[in-house]
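As they're listed, the protein sequences go chains A and B.
Residue 1 is where the first sequence starts when you use my numbering, and the numbers rise one by one after that.
Residue 1 is where the second sequence starts when you use my numbering, and the numbers rise one by one after that.
Calculated from the structure, these hints are not laboratory results.
The structure displayed is predicted, hence computed values, not measured ones.
Ideal Cβ positions, reconstructed from N, Cα and C, are used throughout, including at glycine.
Hints may be right or wrong, so weigh each one.
Said to hold, decoys possible - Output of the computed footprint for chain B on chain A, the stretches with three or more beta carbons under 8 angstroms from beta carbons of chain B:
(1) 141 to 148
(2) 194 to 200
Said to hold, decoys possible - Restricting the straight-line Cα-Cα distance to at most 27 angstroms, the calculated cross-link-like pairs of lysine-lysine (DSS-like) are:
(3) B:Lys396 to A:Lys179
(4) B:Lys348 to A:Lys114
(5) B:Lys54 to B:Lys426
(6) B:Lys168 to B:Lys54
(7) B:Lys348 to B:Lys426
(8) B:Lys396 to B:Lys348
(9) A:Lys179 to B:Lys348
(10) B:Lys54 to B:Lys396
Said to hold, decoys possible - Residues of chain A placed beyond 10 angstroms of chain B at every Cβ, according to the derived structure:
(11) Phe25
(12) Val98
(13) Gly295
As a plain string of letters, each chain reads:
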Amino acid sequence: MVNARLERIRRLAIWVLLAAQLVAFSFLLPNFLTAGNLGNVIVNSAGLAIVAAAMTFVIILGCIDVSVGSMLGVLAWLTGWLTTTQDMPVVAVLGIVVATGALMGSLNGSIVAKGRMTAIIATLGMLFVWRSVLYGLWGGRDLFAPPLVPWLGGMRIGVVPVVGLIALAVFAVLASVAKRRRFGRDIYAVGNDRQAARLNGIPVDRRIIGAFALLGALVGLAAVMQMARVGVVQAFTGRDFELGVIAAVLIGGTSITGGRGSLSGTLGGVLFVAVLQNGIVLSGVPPLWNGVALGAFVLIAVGSDVLLERRSGQEVPA
Amino acid sequence: MEAHDRAEPLLRLRGVSKRFGHTQALTGVDLEVHPGEVVAVLGENGAGKSTLMKVLAGVHQPDAGELTFAGAPYAPHSPADANERGIVMVHQEPTFLPHLTVLQNLFAGRELTGRLGGIRWRAMHGEAVELFARVGLDEALLDRRMGTLSLGEQQLILIARAFHHDAKLLILDEPTSILTATETERLFALVERWLQHGAVLYITHRSRELEQVADRAIVLRDGRRVGALVVEGDIEDDVVRLMSGRDLEVLASVATRSSTVAEEDVALRIRGLAVPGVLDNVSLELRRGEVLGLYGLVGAGRTEIALSLLGELPPSGGDVELMGEPYVPSTMAHAVACGLAYVPEDRKAMGIFPYLSVRENLSAAELGRRSGPLSIIDRAAERRLAQRYIEELGVKTASMDDRITTLSGGSQQKVILARWLATDPKVLILDEPTRGIDVTTKAEIHRLIAGLAEEGLAVLLISSELPELLALSDRVVVLREGRVELELDGDVIEEETVLRAALGSDLVGGTRTASSPASSEPAAEEGTPDEHR
């Protein structure tokens, strides 16, 4: 009873915060509440949203993937290279990039599951590896690609950006997997207790690899979307991308220790982060405050989670 | 007790209350402890024993009540503060610094230092040797890393640490639940020494132990003190009555069940099962409708038999037949599909999913049997399943959507049992199914096990609690050091026979032969793998 209420409060908190933020910015910033601006917010954060959705699974597992930024860079380069030199149709490019992302992700997952390595260490290693690979590929010359199809970039139907709809669809599918499919249930179980999950016949290693592969695939989708929108790959493309993704998931209420969290929370977290960054830009505050605000909210989210758990008077397994 | 002790208790509690959210954990509890006595605190799970002890140990602060310790008001704000005042608690699962040596653990936070802050290892070592001599521990332990010791040794060292800190009151929270018989004896000997300079508060579920160590006992129920008794003679009935609030025939009702076992109906046949260094040529047969008890000291290989059947501990030899078909252990999923079910001994670490609901915990294994990771979960069917087992097993929960950790330990165990019953198993392996569970729920689980066997299920019961094992089992197999030592059949199985076989030449009332170099030989429970946890 205490718990059910606690759970509800936690789930509601992010939406209350988001609403408060929207109201505050609407009053304070004259250019905020316009279809154009809000559309931009969505176009700019669609990639973050898609990757955060899959990252939610990985964090619920009790893992983390800090290499998604470097992966995004490499996959964006791959997208640019395929479109400029290979002259492929968009669908083929999309297929290849997503499949490559899935492979890169399952490599991370395999290191974690089979190599029995802590996820943060394994993926930190891969962060450097992929970044170096990108430096090598980039070779001192920025790669410019002709604009891909507009629907993966800034195109809108009426006032609604297409990429926003794509992100929403990804959330809907993953939320359904989390709640209604065995894969989702297994992810929660593994995050709660790996040993118990194994003793229940859950193929723990396969689930870990699967979740990382899904994340990689969606990083691929985000990379194609980024190229469609920006059209250029530089050495630092995707740098610090992982920080925004992880921050959004944590602010959305998913527990960094695993076992708890939801896709709807992450959606709230993504919107909150995106609106926050937009608000900071519009208000003319120096962008370095971006990081301060983001950091503060991560601390608040994780801190309040710890406090609430402690107050419920229960033993929380470490 | 001498008269002046009575006049001045070491510890006095008056009307101590504590509330967590909506739960009133303690209501107006009174307690007095005099120097040199052992006071047991009894109660079912959730009765408030642990909360009371944590108040004394400075973990929780009481909402109301008056505490005096050694003649002065006592209000510790942290465990360190409580230690400072002379109260030390040794928790159920020992807490320490596993990668440091025993010596470093003994002095952690209180290292002897020289003038420049350098640590005086030699002086500390000398002091520790003296301490170990005093408490009867082997000084060779001092250089071992704490994490490499057995649970029993760890606990003894934590008590020695309390000695060293000159504590006056020692709180032991179910210390023997993880100990073997030999370790328990050593613990009691140490408690005996402790009483020369302090008192002990002792939480336990085991009435036999109570008779062995305690002078007095108080009984808690629902956070209130409902009774006190002097430990004299056979007090088991009184204790059970006070703890549960009703009269109970715990085991008798189970023991009288009719045992009609079809001889031909072998559900599980193990022949020559071997796991290097763990199991050696183990053979046994389990029939449908039978409860086969598996007894042995910790490390004798009981759990390992279960784990190797499940594929968690791959056997190097032997054949297994399951329902007449050859069975090769590979993965847990395969084992479940073949009709094996395993309720693990460590509910917290291997059983429950703490952040998931009762419903999700209950359906976890059953869901696993449906093929395909993307198959849809039929939530209506899941709810029906949960509802059915919650009612059938009497799981006490406000809602099936509450987190499992809101339930008492007994109800959690019922959920785990239900999880496996839901898979419709052919062979059910229960590993310490009633460990750390209150008397009432224990009796319910006993009846449940007996009922399941009656319905034709084959049950392999692993239990360290001999009365329970004997009352429930049709036959008993005793393991020692990975080998089948004895197989017993029949209506009357003597406790002593079983114990003797389990202990081997190790001890048991003077039967040890003078020629066996018992002191140099590690006891059966040490060294052998119990490392799967």
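Numbers of unmet hints, in rising order: Per hint list: 1, 5 violated.
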